[in-house]
Amino acid sequence: MEYSSLHRQLATMKKSFFDQGFLDEQFFQIEELQDDVSPNFVEEVVTLFFKDSLRLMGNIDHALEKFPQDFDRLDSLIHQLKGSASSIGAAKMKNECTVFRDFCDKENQEGCIRSFQKVKKEHACLRQKLENYFQLLRQVGPVAKATRSGN
Amino acid sequence: MLDSEGAAAAPEFPVGLRVLLVDDDPTCLKILDRMLRKCLYHVTTCSQAMAALNILRAKKECFDLVLSDVYMPDMDGFKLLEHIGLEMDLPVIMMSADDHKDVVMKGVTHGACDYIIKPVRMESLKNIWQHVVRKKKNESKELDNSGSLDDNDRQRGVVDEGDNASSVCAGSWKSVKRKKVEGKDDDDDDEAVEEHEDPSHAKKSRVVWSVDLHQKFVNAVHHLGVDKAVPKKILELMSVAGLTRENVASHLQKYRLYLRRVSMPQYQGRLDSFAGCQDASYGSVGLIDSFNVHGLAVSTQIPLQSRTSIHPAPRSNTNVGIGASTVGQLGLIASGAPPNMVFPSVQQMNKQMSNTRGSSSNIQSSQLGQTPSVVQPYGSMSLQFGEEMPNFLTSSQASNFSLPGGTMSEQMNKSLTMQQTHNLQQFSFSQPRSNISILHSSGQLLNNNASNSSRFSSALMQQTSSNESSNHILGRLGITTNITSSPANYMKSSFSSFPQDLYVDAQSSFMNELSGNSYPSSSCIGVSPQTTSFQSLGSNNDLKGKIENVPGFNTINEHQNRSHEWKLQSVNIPYQTDHIVDFEQSNILSHSSLMSHHNTVATVSNRDNNSSVTVKEEIISLSNDIDVEKTTSFAQHKNANIDDDSIRLHYGVGPDMSYQDVLLDDIQNELMTVVGNQDPC
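Heads up: the protein sequence lines correspond to chains H and X, in order.
Each residue of the first sequence is one higher than the one before, counting from 1 in my numbering.
Each residue of the second sequence is one higher than the one before, counting from 1001 in my numbering.
Derived from the structure by calculation, the hints contain no laboratory data.
Quick caveat: nothing in here was measured; it's all calculated off a predicted structure.
Careful: at least some of the hints might be erroneous.
Here are the simulated BS3-like pairs of lysine-lysine, each with C-alpha atoms no more than 27 Å apart in a straight line [to be verified]: (1) X:K1101 / H:K106; (2) H:K66 / H:K120; (3) X:K1038 / H:K51; (4) H:K15 / X:K1038; (5) X:K1079 / X:K1101; (6) X:K1101 / X:K1228; (7) H:K106 / X:K1141.
Calculated from the model, a selection of chain H residues having no Cβ within reach of chain X, i.e. all distances over 12 Å [claimed, not checked]: (8) D19; (9) G21; (10) F67; (11) D70; (12) F71; (13) S87.
Cβ-to-Cβ under 7 Å is the rule here; a few derived chain X residues that face chain H [unchecked claim]: (14) I1031; (15) K1118; (16) R1121.
From the three backbone atoms N, C-alpha and C, an ideal C-beta is built for every residue, glycine too.
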């Protein structure tokens, strides 16, 4: 009972991620890659993403402090972050990156700073959610591999 | 792997497809890596473009496909794409989250096989193998085209058909060459070759875009306006019989792409001759020439008219003039490709010409005078290429050419062969027409990878050898080189039978024996001439040092490696030029012996030992100078790490080749000694 309750909890959690737009289809792709050969693939990738994205965001923070602003560089940095986010299916974060990029195109420093705050917020939010998710996943055990269909 | 031979336990394609994955984003890299492995591909990851290039340069033949991100910190993905296309001619797929049309278009124009939008899905990766198949198919199709010419020519065969018949191509090349050599009188215009071949072939003959034809094309296009030119109108303006609207349309497409590239400053000169490098057809014979000519006008500011102005003597004019123009072209080509190769051979040509015709000395000097000037602009290029030469040379995996770089070598081969054929013509026929036809024929022949190298080598060989034998040599060499220089897959099928046959012929040619039946591997032939050519171009020291052995050397290796994949277990890795510098090209040249073909298979390590490269070369001594040969081969192996497996000395044994055999034996012994003293990489 405990097991299936956890199972259900897991499924519900995951479903909410998708419903609320935190994650998108791409996350399923990642999950598909997990198998016996790479049993913790999803968690590994997500961990890697959050670690690397912190680095990218630090670069952007530095870049935003510069004056006069080098929007080309900023654009390329945010492009990197966006690509990274999209690769794991971090939908909301990706969207915020797009907004940021638009401001960048318009060379709107203010807009960039504001939207970047949102990017960071989404980043933190998703990170928390996924950390909870994986924690639960670990509790459920290897058998309870998250599946697309959920329960 | 597409190759079936040798892979006894090879899983079914596309399982095991060897992919090089380049992406600076670690998350993407990890995900893609996993995805590709799930497709059962063999993946090598790289987070930096430079590292990827180095890997490819070192182990080009170890990969079937490259998957690269567009935006990378150390190098633009498109630049990497260019490099790969030029040096290794591997299919490259670009990836990016950027789906803007212009970026995707950039990928297309730079020659990417595909452009995948990120985030990448498994489905997108499952079918990437198609690009590998397609590329190989295109290459073999080109070979087939040239092979189709053969049927027509066989009738006219004068040269003995005794050469190795291991491959259809061999025969076709030979016959084609023969045809070119003998039947030039018939050719009136640019499509002569095409017309000749058309009737007898069920297969569609490729249009040979000779210099003149392309010039007509360019004139027509510019008259109409590059952007407004339509194939139908171009065709009308050109008023060339036998040319179809489709021919013009495809040529126009390629020309436009070429112009786009040429207009990019950083690619200027460098890419001139690479126009259309990316795909086989693009780099086909006629196109390259034309582009080169065009490029000449564009990049070197040497007016096309200057070609003829160089040659005062009317008689020589036809020959020399053409030669000069060829030189110009070659020079152009050289701009993209190692110029040294072109010029030295030209110079050799000139020398030869003077030898055979006293009256042409003036022209020669003028030509020589010309060449240096043409060379000058490319000095930096050669340098540039110098270091990249090995890459070019070694890139033969899916390439169409045996000489440096995929397209590049093809072009160069072509130009060289053209040049050579011209010379040949000069010697033999002294007919302007024949020159043109040679151009055509060489162009056509050059369509095939093999043809390029064969032409090249044959042409070069002819230079150094006497005129009488040139025809024969041409034919023989053509075939030989053709075979050997063909793309890996092609070679694989026929290579095994080549070595013996190949060498003999070349040797006999050199010996002025017309009875030789085998052909040196194209790569060998290509190598020798090139190297010797380089030497002859004394004024280009930089070229000398750098390019000397690279072209042929690498190509040989590549081809050897590829074709021998099933034969040799050791990895054949293109080597870096550095060590090759030891190669004593000048010796070979000074002895005026035909190029020595290096067919020794050995592993050569980079001087820097940064990347260990195993180069398999077969040293075939085609030179009459045994010492030179030995020196060369020894020098070659000095720095080589030789794999026992890879040591193969193939030397044809012709009827009169006993001397050659001895030579080769010596070389082999020396090699073995070297091998024994070195640690394989």
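Verification of the supplied hints:
no. : hint              : result
1   : X:K1101 / H:K106  : holds, 20 Å
2   : H:K66 / H:K120    : holds, 19 Å
3   : X:K1038 / H:K51   : holds, 25 Å
4   : H:K15 / X:K1038   : holds, 26 Å
5   : X:K1079 / X:K1101 : holds, 18 Å
6   : X:K1101 / X:K1228 : holds, 22 Å
7   : H:K106 / X:K1141  : violated, 50 Å
8   : D19               : holds, 20 Å
9   : G21               : holds, 16 Å
10  : F67               : holds, 23 Å
11  : D70               : holds, 15 Å
12  : F71               : holds, 15 Å
13  : S87               : violated, 5 Å
14  : I1031             : holds, 6 Å
15  : K1118             : holds, 6 Å
16  : R1121             : holds, 6 Å
Comparing the model with each earlier hint shows violations of hints 7, 13; every other hint is respected.
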